[in-house]
Amino acid sequence: MVSPNRYDVTDWPVGDAADDIGEVINSIIADVRARQDRSDDGGRGKPGAVIHIPPGDYRLRTQVLVDLSFLRIEGSGHGFTSSSIRFNVPEDEWDDLHELWPGGSRVLVDLDVPDGAEPSAGAAFLVAREGSPRISSVEFAGFCIDGLHFEADGSGLDPENTYANGKTGIHVASANDSFRVNSMGFVYLEHALTVHHADALSVHDNFVAECGSCIELRGWGQASKVTDNLVGAGPRGHSILAENHGGLLVTANNVFPRGASSVHLTGVSRSSVTNNRLHSFYPGMVVLEDCSEVLVATNHLLRDSEPWTPFVGVDNGLDDDHGLLRVGGTGNSVIGNHVSEVLAAASVRPPGTTPVVIRLVDGTGHHVANNHVVATDIDPGTGESAFEAQVDALLGARSSRPLEVVTVLVDPASTANTVLDSGRRDQVVIDATVNAFRPTPGIGEG
Amino acid sequence: MVSPNRYDVTDWPVGDAADDIGEVINSIIADVRARQDRSDDGGRGKPGAVIHIPPGDYRLRTQVLVDLSFLRIEGSGHGFTSSSIRFNVPEDEWDDLHELWPGGSRVLVDLDVPDGAEPSAGAAFLVAREGSPRISSVEFAGFCIDGLHFEADGSGLDPENTYANGKTGIHVASANDSFRVNSMGFVYLEHALTVHHADALSVHDNFVAECGSCIELRGWGQASKVTDNLVGAGPRGHSILAENHGGLLVTANNVFPRGASSVHLTGVSRSSVTNNRLHSFYPGMVVLEDCSEVLVATNHLLRDSEPWTPFVGVDNGLDDDHGLLRVGGTGNSVIGNHVSEVLAAASVRPPGTTPVVIRLVDGTGHHVANNHVVATDIDPGTGESAFEAQVDALLGARSSRPLEVVTVLVDPASTANTVLDSGRRDQVVIDATVNAFRPTPGIGEG
Amino acid sequence: MVSPNRYDVTDWPVGDAADDIGEVINSIIADVRARQDRSDDGGRGKPGAVIHIPPGDYRLRTQVLVDLSFLRIEGSGHGFTSSSIRFNVPEDEWDDLHELWPGGSRVLVDLDVPDGAEPSAGAAFLVAREGSPRISSVEFAGFCIDGLHFEADGSGLDPENTYANGKTGIHVASANDSFRVNSMGFVYLEHALTVHHADALSVHDNFVAECGSCIELRGWGQASKVTDNLVGAGPRGHSILAENHGGLLVTANNVFPRGASSVHLTGVSRSSVTNNRLHSFYPGMVVLEDCSEVLVATNHLLRDSEPWTPFVGVDNGLDDDHGLLRVGGTGNSVIGNHVSEVLAAASVRPPGTTPVVIRLVDGTGHHVANNHVVATDIDPGTGESAFEAQVDALLGARSSRPLEVVTVLVDPASTANTVLDSGRRDQVVIDATVNAFRPTPGIGEG
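Residue numbers (our numbering), protein chains in the order written: chain A, 1 to 446; chain B, 1 to 446; chain C, 1 to 446.
Think of the hints as simulated: they come from the structure by calculation, not from any bench. Idealized CB from N, CA, C, for every residue including glycine. A couple of the hints might just be wrong.
[Said to hold, decoys possible] To spell it out: a stretch of chain C is covered by chain A in this simulated footprint if at least three of its residues, at any positions, have a beta carbon under 8 Å from a beta carbon of chain A; those stretches are:
(1) 3 to 14
(2) 45 to 54
(3) 248 to 256
[To be verified] A partial selection of chain C residues facing chain A, derived with a Cβ cut-off under 7 Å:
(4) 133
(5) 178
(6) 223
(7) 227
(8) 275
(9) 331
(10) 438
Could you put the whole structure together from the sequences, leaning on the hints where they help?
In structure tokens, the structure reads:
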């Protein structure tokens, strides 16, 4: 009774996985459906299947539609390499490169996406099933989804630097339960992973980089986790975004630039963003918008300047008083975080502004305690870029000096907050008659 | 020399895995034992084996006995779907359901467990070996263990809602070293995973839900980790329990209801419960009983009300002054946690009690610092359930108001504690002559 | 088109994997190289391959050279068992042992390493490729690398207890991107895993124990993570070491003894060591040397005494005023940690010294807040070892009493620091005229 529930895309009679893995996987899914019925034969059910994608290049010309529970699509290599670096190497040097493309178990997304199409239309893998129960236990593991190229978008950027191509790696459209996305690689997609209406989702140990947006939890959801991922979005996108989630745990992620935001939560309640390492080139790194009772704790936030010539001058458009960590809603906690802000004072925008680190913009009852901000003015010399100055400062080749910042700004629209030990009295802007405030003691005050 | 150490339960000449996977795996283990001896042939040993369980339904009528080191039993799908929801759908609607049962690589536990049998008797997988060295490096990965049905227990609950059937998924009875339980699914078992006497155990990235108790580390143990799991026990069981462990790390778990407790430690020393997201419907969410020097930090705790009709009125029997986080023993630390308590003041038990969030019940030297409690009275209207009021409050459809709570209660039996910035002076009950105390500043006190 | 990119070392025509898996894997790599070229065929590239190592014993007589991107070498069992315990059991009892050696998918490193050879010479797996792009997405997963024996080193220790044999498990010599080391086992190697020049490296969920040094990130690197590992080095080595890294995330690890250090960072900037459980027998557990803006938060540190006869008297040579957590550089944060120090006062070295827990040795702007230290004098009786006393104290068989310690020592060479709530006034040594200081309130001061 050798199992019929194990498939290999390279050993399936319908289609040619190298030419169109989408056709092959859809044919396999049809086979699973035809073989497995729902009969409740003393506990027997519809167990699903595993589909193996061995290392190799597989073009995807047909969108895969997943509408079965218990389907695991599994490769043997996340296959990331930097396409962004490659496309910014002059073409006449390409002959010297060891390889040009990502690899591993690699799906080359070659869909024709019409302008203005719904995001789901450009998805390599679309998961959709209505009715009850919610589609459950679909798993994606260990393969690479590569969007191949970005496209001109009128911004004046080189087409390969736009982070736009209308392509999505995995798009989950229907309410779902107990999904897993593990050990995957995503590269050069406008949207890497978009999951609507998730319950008990696990997004764990993936490599999601050089995508417009990376991990987007849309609509609403609950009791999910985004853990232990390496993530970095494009300058206009989100590295990790969640809408209207409750009980979300975002932890142990290493989020690198760019990304208009590193973690953006909107309408999220009673959730955690803890213990992440976050790095951004712009203000608005961590955003809590209309959020309630979210814990942001023991994260490391670094904001410094764009180092790479192709992207110098590209940013998310926000001013430096926007707040690196911007909080609105009710009863959120910001505890025990370290923030490093490294800027040339002369580059602060708009000129004359004092950069703001933690900003409470509205709502009540936020609790900000025990955060440590280190702000450094890297003071570039004539003809030196902010990044060159930053490197020089790090190497000790120039002396850096403290940058004046507001460590916590409490807007008048936000009241009844508690701000403890998160900046000296001269670093915090707060109306202490309508908030609770204890400044970090200054030198010699002990 | 194609490896003889790789087995597939669907391709083994003894037994029929679909009818009794237990017989098949025991036969495979006997084969490994017969082929591998202990001779120290210049470093050669007894390497063990891997046993594959492809996706499919496999009845287990015979308990598996694992008594070899280096055995990995591996499937291709944790296969969770909610049996609890299904069994609470009226039967006449079952025809409309896409599927009735969990799936993936699914073991259907069909053991006949006599009443009053030892817990090990009802285990699908029993791991036991005495002598030296301790049995090592047994791994369970990527499959589903399904107990199929719960049973009437005299409680008056629907049999499928009792969380009782005498079945255990994996029961490790002997002292063991370097075990791994990864990416597994457990459902509808009275006990999912019970491990006695663990050293350097890793329980990582599993889905353990709708089981009476989920992860139980019994007897004693050391240097283990329970990380990055999705977990939720029944109303009378434990989601994560540990006895007499040292150096245990419980982190990055998302623990949802029910569960009489979310994390229950008894006799545990010098261990960590950090960075988890915990959700419960009852008091006694996190319990440190006779524990010493345990760190409970940067967790998010939410306690609200049972939302689901079949379980309304079912709870763990504890009063609201029991403490959501209850601490006894010596020198424990409770630092930087966020607690959300959402209750109808009128439903507090016993009536007139002020709910207690952190309670130090005995011992000395506990350190409670920098915790933030948000307590909300959801004030249900006439004829509205607590849960309906809760949803209305969350949606803004009704105004909620603060709930009066004791954020920290230090019992007279506990002294020499330090309580800092974990509640205003009017929210903390403490004898400041025998403890150290600094209240969170109130509004206007800065 | 059954995939040609999937290999099995036990089913390859060149060499004999049982006799020399190194020869076999090098032959496979040569085959991959010969079959895959770099041609940019409409997006097709060089996808690499997966090489399976089934459970079994595989001698390695030839070093493996990995110089291809997208290569995954994968086994089915990390196979750890304690060789250290076995070699310290009298030989005449070996006949009673169930097994003598580690197992799983086990590589027996049988290289002849000349004295004084470069560390790379003794590596079972050497990864090296110069030129562009950096070698990417090489993955090691799920197998065991066993150095078999340690060797006499003139220290007087039993040869099997020296932690020296010139062997390395995996040595990455070249700049690299997006590597993964997951679910591996390493045992009895002088160096387990050494990675130079890492970018976006993930070292996740491994078992690295009984090795001289365990995880060493050498040279420089960025945006990497070391997460969820079980780790323990030898008395003279490092459990986790990083040089000149930026944006490193070290979290959710359970690091047990020995290890001259648990986490040693040198020249590291803007990184995180959070949420780990760390256990050591010596001072100098966590070292930040010339580090800037590193966050050390919500870790549990336990330092107690060597329990095991073969190693009693072996230590890292540091005195007890060295600091368990020793910080130098600029602007580091030490927030919300729990420290347990368990010593016999009479054994403190040098006699009469007060042990130091957190020591700021140089630099400026460090932030130490909200740490809790529990120090216990285990007071051994006559003829009782420190460890016996420690066990007796834990079991309540003798009364223990507080040990006098300095919770924070700020050296005169370090100024402009902030120390808050990390020890009572009598426990902190600080010049409050050049630092900011707020002591933890004492009993009755509230």
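A quick look at each hint next to the structure:
{"no.": "1", "hint": "3 to 14", "verdict": "holds (count 3)"}
{"no.": "2", "hint": "45 to 54", "verdict": "holds (count 6)"}
{"no.": "3", "hint": "248 to 256", "verdict": "holds (count 4)"}
{"no.": "4", "hint": "133", "verdict": "holds (6 Å)"}
{"no.": "5", "hint": "178", "verdict": "holds (4 Å)"}
{"no.": "6", "hint": "223", "verdict": "holds (5 Å)"}
{"no.": "7", "hint": "227", "verdict": "holds (5 Å)"}
{"no.": "8", "hint": "275", "verdict": "holds (5 Å)"}
{"no.": "9", "hint": "331", "verdict": "holds (4 Å)"}
{"no.": "10", "hint": "438", "verdict": "holds (5 Å)"}
Violation of the numbered hints given earlier is absent; every hint is satisfied by the structure.
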